[in-house]
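Asks: The lines below spell out each chain.
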Amino acid sequence: MTTTSPVTNPPRRTQPRTPAGKMGKFVDDRLNVAGPLRKQLNKVFPDHWSFMMGEIALYSFIVLLLTGTFLTFFFDPSQTEVVYNGRYVPMQGIEMSRAYASTLDISFDVRGGLVIRQIHHWAALMFVAAMMIHMFRVFFTGAFRKPREFNWLIGLGLLALGIVEGFAGYSLPDDLLSGTGLRIADAIMLSIPVVGTWVSFLVFGGTFPGHIFLDRLYIAHVLLIPGIILALISAHLALVVRQKHSQFPGNGRTEHQVSGERVYPIYAAKAGGFFFIVFAALAALGAFAQINPIWLFGPYQPSQVSSGSQPDWYMMFLDGSTRLFPSWEIRLWGHTLPPLFWPTVVLPGILGAMAALYPFIEARMTRDYQHHNLLQRPRDVPVRTSLGLMAITFYVVLFLSGGNDIIAHVFDISLNAMTWGGRIALLILPPIAYAATYRICLGLQRHDREVLEHGIETGIIKVLPTGEYIEVHQPLGPTDDHGHGLLEYSGTPVPKRMNQLGVMSPVKLIRGFFYPVTEKPELQAAIDEADAAETSQRQHQLTE
Amino acid sequence: MTEVNYGNSPSADELRSMSPEEAMIAGAEVDGVHIVHRRERFPVRGSKAEKRAERAVAACFAIAGLAGVGFIVAFIAVPFHWHLPGTPQDFKYFTPAVGGTLALMLLFFGVGLVLWAKWLMPEEEVVQDRHDDPSKVEDQMMTEATLAVGLEDTGIRRRSVLLLSVLGAGGALATVPLVYLVGSLLKRPGTTLFHTMFQRNTKLFPQSKGMVPIVYSDWRQVSPDDLLPGGLATVFPGVRQPSEGYDGVHNASSPTLLIRLRPGQVVHPRKGQADFGWPKQNPQYIAFSKICTHAGCPASLYEQQTGRLLCPCHQSQFDVLSDAKPVFGPATRSLPKLPLEVLTGKDGRLYFYARSDYHEPIGPGFWERP
Ligand code: HEM
Ligand code: FES
Numbered sequence: 000m001t002t003t004s005p006v007t008n009p010p011r012r013t014q015p016r017t018p019a020g021k022m023g024k025f026v027d028d029r030l031n032v033a034g035p036l037r038k039q040l041n042k043v044f045p046d047h048w049s050f051m052m053g054e055i056a057l058y059s060f061i062v063l064l065l066t067g068t069f070l071t072f073f074f075d076p077s078q079t080e081v082v083y084n085g086r087y088v089p090m091q092g093i094e095m096s097r098a099y100a101s102t103l104d105i106s107f108d109v110r111g112g113l114v115i116r117q118i119h120h121w122a123a124l125m126f127v128a129a130m131m132i133h134m135f136r137v138f139f140t141g142a143f144r145k146p147r148e149f150n151w152l153i154g155l156g157l158l159a160l161g162i163v164e165g166f167a168g169y170s171l172p173d174d175l176l177s178g179t180g181l182r183i184a185d186a187i188m189l190s191i192p193v194v195g196t197w198v199s200f201l202v203f204g205g206t207f208p209g210h211i212f213l214d215r216l217y218i219a220h221v222l223l224i225p226g227i228i229l230a231l232i233s234a235h236l237a238l239v240v241r242q243k244h245s246q247f248p249g250n251g252r253t254e255h256q257v258s259g260e261r262v263y264p265i266y267a268a269k270a271g272g273f274f275f276i277v278f279a280a281l282a283a284l285g286a287f288a289q290i291n292p293i294w295l296f297g298p299y300q301p302s303q304v305s306s307g308s309q310p311d312w313y314m315m316f317l318d319g320s321t322r323l324f325p326s327w328e329i330r331l332w333g334h335t336l337p338p339l340f341w342p343t344v345v346l347p348g349i350l351g352a353m354a355a356l357y358p359f360i361e362a363r364m365t366r367d368y369q370h371h372n373l374l375q376r377p378r379d380v381p382v383r384t385s386l387g388l389m390a391i392t393f394y395v396v397l398f399l400s401g402g403n404d405i406i407a408h409v410f411d412i413s414l415n416a417m418t419w420g421g422r423i424a425l426l427i428l429p430p431i432a433y434a435a436t437y438r439i440c441l442g443l444q445r446h447d448r449e450v451l452e453h454g455i456e457t458g459i460i461k462v463l464p465t466g467e468y469i470e471v472h473q474p475l476g477p478t479d480d481h482g483h484g485l486l487e488y489s490g491t492p493v494p495k496r497m498n499q500l501g502v503m504s505p506v507k508l509i510r511g512f513f514y515p516v517t518e519k520p521e522l523q524a525a526i527d528e529a530d531a532a533e534t535s536q537r538q539h540q541l542t543e
Numbered sequence: 000m001t002e003v004n005y006g007n008s009p010s011a012d013e014l015r016s017m018s019p020e021e022a023m024i025a026g027a028e029v030d031g032v033h034i035v036h037r038r039e040r041f042p043v044r045g046s047k048a049e050k051r052a053e054r055a056v057a058a059c060f061a062i063a064g065l066a067g068v069g070f071i072v073a074f075i076a077v078p079f080h081w082h083l084p085g086t087p088q089d090f091k092y093f094t095p096a097v098g099g100t101l102a103l104m105l106l107f108f109g110v111g112l113v114l115w116a117k118w119l120m121p122e123e124e125v126v127q128d129r130h131d132d133p134s135k136v137e138d139q140m141m142t143e144a145t146l147a148v149g150l151e152d153t154g155i156r157r158r159s160v161l162l163l164s165v166l167g168a169g170g171a172l173a174t175v176p177l178v179y180l181v182g183s184l185l186k187r188p189g190t191t192l193f194h195t196m197f198q199r200n201t202k203l204f205p206q207s208k209g210m211v212p213i214v215y216s217d218w219r220q221v222s223p224d225d226l227l228p229g230g231l232a233t234v235f236p237g238v239r240q241p242s243e244g245y246d247g248v249h250n251a252s253s254p255t256l257l258i259r260l261r262p263g264q265v266v267h268p269r270k271g272q273a274d275f276g277w278p279k280q281n282p283q284y285i286a287f288s289k290i291c292t293h294a295g296c297p298a299s300l301y302e303q304q305t306g307r308l309l310c311p312c313h314q315s316q317f318d319v320l321s322d323a324k325p326v327f328g329p330a331t332r333s334l335p336k337l338p339l340e341v342l343t344g345k346d347g348r349l350y351f352y353a354r355s356d357y358h359e360p361i362g363p364g365f366w367e368r369p
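Same order as they appear, the protein sequences are chains U and C. With numbering that gives the first Met the number 0 applied, the first sequence covers 0 to 543. With numbering that gives the first Met the number 0 applied, the second sequence covers 0 to 369.
Bound conformation, chain U alone (with noise of 0.2 Å):
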């Protein structure tokens, strides 16, 4: 082209006459969208309810990012010590550093401020937990398997910086809780072998607890983790995108697509729907469920500590193994290996590299490198299975040990049965889980089999003439001669009571439960006829 050719208009094309039309033309003029914005609006996506989980998650981190800008506009993250003097009468007159008299003023003085701190910190809670549970979602139904190991992978580096990202949330107030939790902390640095006072000298800018570190840890907290987090999702989701959705297998649904709802509207309106139902309950749990009363705990001081005081339900993990692990400390040539480095570093090391790899190590050990879109049945995948409940187990034990003087006390246990208790069973019951599952697994698989095979059972008793008992079974599909079940076990749950046959919603035994539901005869007529081609369609269907 050059220069001098004369200005077209383009092509005439039909005008769109209403102002929807008008500015979707505007914006593809400029932009040439319509393609692809069709592409996404009518995107598929399976429906199942354990793939809320990644959503509950992802819900959970924007309440985050909402209610954690609100409060940086009251918090301080100073270590400058004043003498307090806002509404808490009882706190008054008490020396504290900046950043715990701000979480004071944002519990008392800002209006409405403790809700907000509330719903955040249950909001913290909650993303860790629904990433927990939605990475055994993907474990135990396969769904890490080729090609989303990518995604396996991102997802851990999330639920790590979650919990990093946590610890640093609980750790800013400058309580007595946080306060200990970061002097463990600096500890487990300091038990790093060769580098480690030089790694916790370069965190707290010299010894514990110095004067700058608060300042980092907050620009970690607010600014350098959570943007790692947001990029993170944006390369998980869109890979979900780009690799769409896996999903269980079912009536003709196969490697090759995906079925369920399009983005838009429906899906858009239910996952929309979902995000303010998720809000709802952590407003609620802000609302209603007191959550870390800093008020209470007081101000740090090294030289106190609260007793029975528990961090955050994802460290305890830490906490349980730090207490497990017995008190071997190994001196060498003038140097010291302290104990808390083993539970604290290695293990943690370990577990996520197991985690990372095991996608890896079941594709070499049953040669599968195929594509999978379809998802397993947790029974029908029993070593996996076993193994997911063994290493679940073993986190239990872990967890409830990082409790264990809790339960002592409420139970009068003594606590070095406690202690003792969690070393054995850390041993024992991992191997036991595997065992126990690895037999459900296999009876319940075997019970499908069965009962594809004989039908379900009715519970109707029947007397032959013979005398003989026998009790009916309602074959599911075509019998042979025998009256054998002819259908095959295909990956999806087979039906095991009556009325799992015929569905009858609740809703719809309720409506017209107190008067019933007349219309008009015009109309109840339309409605059956509709019903009744309905009904031909889906049966001509089913024949084809």
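Bear in mind the hints are in silico, worked out from the structure with no lab data behind them.
Listed next, the stretches of chain U that the computed footprint assigns to chain C, with coverage defined by at least 3 CB atoms under 8 Å from CB atoms of chain C:
1) 34-44
2) 182-193
Straight-line Cα separation of at most 20 Å, DMTMM-like style, residue types lysine to aspartate or glutamate; simulated pairs:
3) C:Lys324 x C:Glu302
4) U:Lys519 x C:Glu49
5) U:Lys145 x C:Asp131
6) U:Lys243 x C:Asp128
7) C:Lys279 x C:Asp224
We put the CB at the ideal spot given by N, CA and C, even for glycine.
Given the coordinates of chain U, work out where chain C with the ligands should sit on it, guided by the hints.
Replies: Chain C with the ligands alone, transformed into the frame defined by chain U:
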């Protein structure tokens, strides 16, 4: 992304003659989205059931709006200033009222959206083709060639000097920020972890030959008479020079437990620590670092009967009568013992001093510790 074309996109003229729904379905087909089944929830418009569903959804939104109004009213009208117990505690309703109305508003808005989708929007069953096989061989080959030729164009493989130098520069570019950041943050630990503020200081305390007075958290000096038998106190080095960064009471390595034994309790001292208590023979008073040798929590629970000191963080237990030897839990080392001295003050009373610093680093272990 691989563009796959499904069938033929209908022409503009064909589209003009279609209903919007047909055009939508045609567009979906072009994108590989097949609408298998699609049905209005209420195929007959205007039925009672439909109106009922519509009313229910509208009611959700109405409640959400009302809850919003309620929130604003509560936010403005409910008192929220904290008051001492015994005075009106009406502020207690603020948090539940404000949070509760907020939750209600969000909940009903969310439920309204979900029910709208479930009850009123058409039911559909849609299938979308996946395209997650690797790219076509042709694509792979052409892309590979593109990459290869590009690399060839740079000449990097022939010009080995260039390659080496650019690699070196890249290394420098990557390392410099790291050095910059780590270098500026780095602090030399030196011997900081090996001593505390109980270290003798003749400049500050010439009268006591540099021995540091032992004080309570309010800077009062500690006297033997303050403690009853079996009692204990948390004490600190009385170094108060905040301008120079010395603050014995607030420093994290300072907290020390001073214990007065009950009559008849005998200490079995560790080697070299026999005379750390006071009096030197048959000591009645002994002092240990309060900082747990495990992970640094203050070991603050003292059981008089058993003479055990318990750390609440991971339940390490120290036997005070064996010079705070760890007897249970993850701690590996005894709590360091502070050598005590008692001098007469100007007022004629006796006061505790630290004869010297601890003889070993206090608190959790670290690599440089012998
Ligand atoms: C910031 C935290 C996270 C967010 C916001 C998040 C969000 C999501 C969402 C919305 C989905 C799609 C729906 C679903 O299957 O639930 C998803 C899929 C996925 N996530 Fe996460 N997730 C997070 C953490 C994790 C973690 C910790 C893992 C595992 C280590 C993980 C692994 C995966 C995988 C493999 C998929 C693909 C699943 C499939 O297509 O079936 N994610 N994530
Ligand atoms: S810090 Fe005392 S037992 Fe761990």
